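The listed protein sequences derive, respectively, from chains D and U. Position 239 of the first sequence, counting from 1, maps to 238 under numbering that gives the first Met the number 0, and the rest follow consecutively. Position 14 of the second sequence, counting from 1, maps to 13 under numbering that gives the first Met the number 0, and the rest follow consecutively.
Wrong hints could be hidden among the right ones.
Cβ-to-Cβ under 7 Å is the rule here; a few derived chain D residues that face chain U [stated by the list, open to error]:
1) S103
2) L107
3) H109
4) G116
5) V123
6) S127
7) S147
If you are wondering where the hints come from, they were derived from the structure by calculation, not from laboratory data. Just so it is clear, the structure is predicted and the values come from calculations on it, not from any experiment. Note that the Cβ used here is the ideal one computed from N, Cα and C, for glycine as well.
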Amino acid sequence: MKNLREAIVVAAASAGEGHIPSALSILDILWVLYDKVLKIDPLHPTKPDRDRFVLSKGQGALGLYVVLAAKGFFQHKDLDTFATFNSILGGHPDRNKIPGVEASTGSLGHGFPIAVGMAMGLRVQRSSSRVFTLIGDGEANEGSVWESALLAAHHKLSNLCCIIDYNHSTDRALLVGNIAAKFGAFDWECISVNGHDQNELLAALTRERTNRPLAIVARTVKGFGCARMENNPEWHHKAPTPEQLPALLESLR
Amino acid sequence: MNMRQQMVSTVEGVLRSDVRTMLLLGDIGVFGFRNAFEAFPERVLNIGILEQATIGVAAGLSLCNMIPIVHSIAPFLVERAFEQLKIDFGYQKTGGNFISVGASYDYAALGCTHHCPGDVGILKNCPGMEIVVPGTASEFDTLFRRTYANGSPTYYRLSERSNAMSCDVSFGKATVIRKGEGLTVVAVGPLLDTVLEAGKDLDITILYYTTVAPFDAQTLKDNAGSSKLLLCEPYYSGVSAADIQAALFPAPVSIDFAGIPFRFLTQYGSCAEHDEALGLTAGRIRSRMQRMMA
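With the hints as extra help, turn the sequences into a complete structure.
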């Protein structure tokens, strides 16, 4: 994981752009998904029978990119081009440019409804493919998140799993409180896990499913694995300068 | 058959013939589609009153190779969910169909929240969005069947008002109604009948547009018989002005507008009363024509 964290920090530093702490917050979740859970062939990422993953909190894109590169969806050297003019890798994921990206996100509250639509469509098609989406707790301020939660429960989308990256970064603006209880009130099956414990994540993501959609509240730390950035809002959307980079890399776990 | 009734018939037809189609109703048209609910329970959903999520859901369906058809009242379908239309469909280049009712002030008595003269202008700001404004029920049927599965996002603007006769329309093509020298008139959708009456006996060219985007520049270029042009649009005026200027460039062109002026409509009453108040009657449009031809 340290290599992945390093790749995130280096890419952002090279570009002078990036949401590093958001990417670090979700990195363990993404790694478990792509390493152990999702059925997707990196060499054939549009096969109809694949599982789908939608990164609804698009600002975590760097986390997704380093995992996709590590899994062979594109070449690692593409990370060096992050956020440059002709790069396939922008500050938010783009489905028309990046192999393995299922939806173009960045505007919060868009990916989750798209994932609901995918789950509906796959069910109509009698597909056994599953749909996973990852939202942020700040994103859960958006009304469309709760519209989606209502819809998914009403239609009993048991092929859908929503992971909530609960790093409390927007508590300063609006408290979302007990998200698990809120999803539970919308009639989702809910569990809460340590979002940096890969064993707990794997158990949650692979648990036997009921006839309801599953919400996994992942308790995370924004900037996890980089001591200088953890829970430090100064770094939300800030790239390290060349002078700052060595110390940051040194502080990575 | 009015446009709404035609929509039910046409959409039921494609639901029957194309298993990729899926209809999402924003809790309107439920009675009209009662037979479709029964025939295709998995593919016809009264999705509820949540327009932003509905458009996102439609995009998700499209990304799974389904063909979504979303139906609601214009302000809720377009204005509330515009960002989803822009990003989830426009930017992502996904295919989908969005059918509105309540054009401009069709629901005049319900007030501003249910008026929508801005829908076409708003959607013109979404690159790749196709905009279809049929003038009759039959034209909707022709245009919808031609476009619903073309892989692009397409907006169909239904109106309570229709022209008396249908034209031979094609998606993306304007129809030359007649040719003259004194003035070129571009008439959009259900305004054609009013324009025909207004221009009776006048030496003018009338071009009929049922596709607003993409704009058919070639037909205009080939048939504009005058440097004077009257643009008649059943929504906020001027949506196609830039397309017209670009089509005729570098020739000088003088454009006047007959459409809805850019302000909130604060009165109720009937569509006819609004037409009168806004100058969208045959008599007032004829006066504009004559003034330009003088």
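Violations among the numbered hints: When the structure is compared with the hints, numbers 2 and 6 turn out to be violated.
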